[in-house]
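Chemist: So you can see what is in the structure, the chains are spelled out below.
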Amino acid sequence: GDSVTQTEGLVTLTKGLPVMLNCTYQTTYSPFLFWYVQHLNEAPKLLLKSSTDNKRTEHQGFYATLHKSSSSFHLQKSSVQLSDSALYFCALSPRTNTGKLTFGDGTVLTVKP
Amino acid sequence: EAAVTQSPRSKVAVTGGKVTLSCHQTNNHDYMYWYRQDTGHGLRLIHYSYVADSTEKGDIPDGYKASRPSQENFSLILELASLSQTAVYFCASSRQGDSQNTLYFGAGTRLSVL
Chain S
987 GDSVTQTEGL VTLTKGLPVM LNCTYQTTYS PFLFWYVQHL NEAPKLLLKS STDNKRTEHQ
1047 GFYATLHKSS SSFHLQKSSV QLSDSALYFC ALSPRTNTGK LTFGDGTVLT VKP
Chain B
153 EAAVTQSPRS KVAVTGGKVT LSCHQTNNHD YMYWYRQDTG HGLRLIHYSY VADSTEKGDI
213 PDGYKASRPS QENFSLILEL ASLSQTAVYF CASSRQGDSQ NTLYFGAGTR LSVL
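Top line first, the protein sequences correspond to chains S and B. Heads up, the first sequence stops at 1099 in this note's numbering, and the numbers go up one at a time, no gaps. Heads up, the second sequence stops at 266 in this note's numbering, and the numbers go up one at a time, no gaps.
I should point out that these hints are in silico values taken from the structure, not numbers from a laboratory. Computed from a predicted structure; not experimentally measured. Treat each hint with caution, since some may be false.
Stated by the list, open to error - Here's a subset of chain B near chain S, in silico, CB distances under 10 Å, partners left out:
#1 V156
#2 S159
#3 Q189
#4 G192
#5 L195
#6 D211
#7 Y216
#8 N253
#9 T254
#10 L255
#11 G260
Here a beta-carbon is modelled for each residue, glycine too, at the ideal position from N, C-alpha and C.
Chain B on its own, in the form it takes in the complex (with noise of 0.2 Å):
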């Protein structure tokens, strides 16, 4: 079954610290993208990518890098992490093409910035 994989699936990091979450996907998918979850707030885009080696800004990139050195890969960078930062992160892909535009998440990052 095709799948998309987050390591890790915790995290604690400190105020300042570069912290770099990955994703893996099986589904053969050109596009990925990384969500950010807050308590009581739907997903908001931060970065996506519809191609290996290019990366865009979705509508919340401030404070964060995003690289997909291939098509399976997909990481995170966030240099100087802040408190603001703590949240859960799901990365998700779909196939090119899918103009119905369905994603395939990953169970998600918790991350804690203390």
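If we strip away everything but chain S, and leave its shape as in the complex, we get (with noise of 0.2 Å):
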């Protein structure tokens, strides 16, 4: 079945620093990725998503590229501010019409002033 790894469980920074969050991920189909984050106490929501390959899409200073050949969407941001401290979530569907998403297990990120 399909599946999403994420790697680092934790990750601290201080502001201002640069930030990868790994994910990389197995299915048979052509895959809808995505971001959530999820503020603490909060619903997560929607950062970013992409189906198509090799194209960086952003929101709200993070970006993504979706690379078929390595099944990876790393998540990115140059300079991390402290309001981006929460739980990010990669997710993929299949490119179905039915809203069932795997998660992967999420990063805490932390950045300290």
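Take each chain as given, in its own frame, and dock them per the hints.
Modeler: Okay, here's the thing in structure tokens:
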């Protein structure tokens, strides 16, 4: 079946530094990839999504590029802020209209002053 | 603004008791979902529904039932709650025909089974 792997469980950075959160996936279908962000005691919200190979997608200073050749969709930001502290999920959906996402285990990003 | 509202926000239940978690959406979405989140793990799909009066099993349906009496409402039912069902539960909705499958989540229900 489908799977998503996020290798870092916890990332701690100082404000202003760059960050990359890793996401790799396995599926036999043509995938949609998503990044969801969940701030403390809030609902998960969509941050980014893509189904286009080798095209960078950006939102709120975060960006990611889907690379089908390496089955990756890493999330990056050039300069993290305190407000970026949150739980980040990578998720995969086959290109069907079901909304049945497969989520990774998540990465907690903590940004320190 | 469109929204997904879950109730209760937290609940303590006894082992063997019945628990009902409720979800109401004003997104006018056809698709609704129940996900479970455990500490250190991602979200896992329990049940979902494409239309009122119909539900489908997700990846981890054992021990759970679902009910979709209307487009707006979707309930998750634990007939005999167990310790292993202690988790945070999220309801979500998505738009029919949205091939990019964006989910809109509620704020979650924290369930503790003692």
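Chemist: So, for every hint listed, does it hold in this structure?
Modeler: The hints, checked one at a time:
no.: 1; hint: V156; verdict: holds (7 Å)
no.: 2; hint: S159; verdict: violated (14 Å)
no.: 3; hint: Q189; verdict: holds (9 Å)
no.: 4; hint: G192; verdict: holds (7 Å)
no.: 5; hint: L195; verdict: holds (4 Å)
no.: 6; hint: D211; verdict: holds (8 Å)
no.: 7; hint: Y216; verdict: violated (16 Å)
no.: 8; hint: N253; verdict: holds (5 Å)
no.: 9; hint: T254; verdict: holds (5 Å)
no.: 10; hint: L255; verdict: holds (6 Å)
no.: 11; hint: G260; verdict: holds (6 Å)
Taken one by one, the earlier hints fail for this structure at numbers 2 and 7, listed in ascending order.
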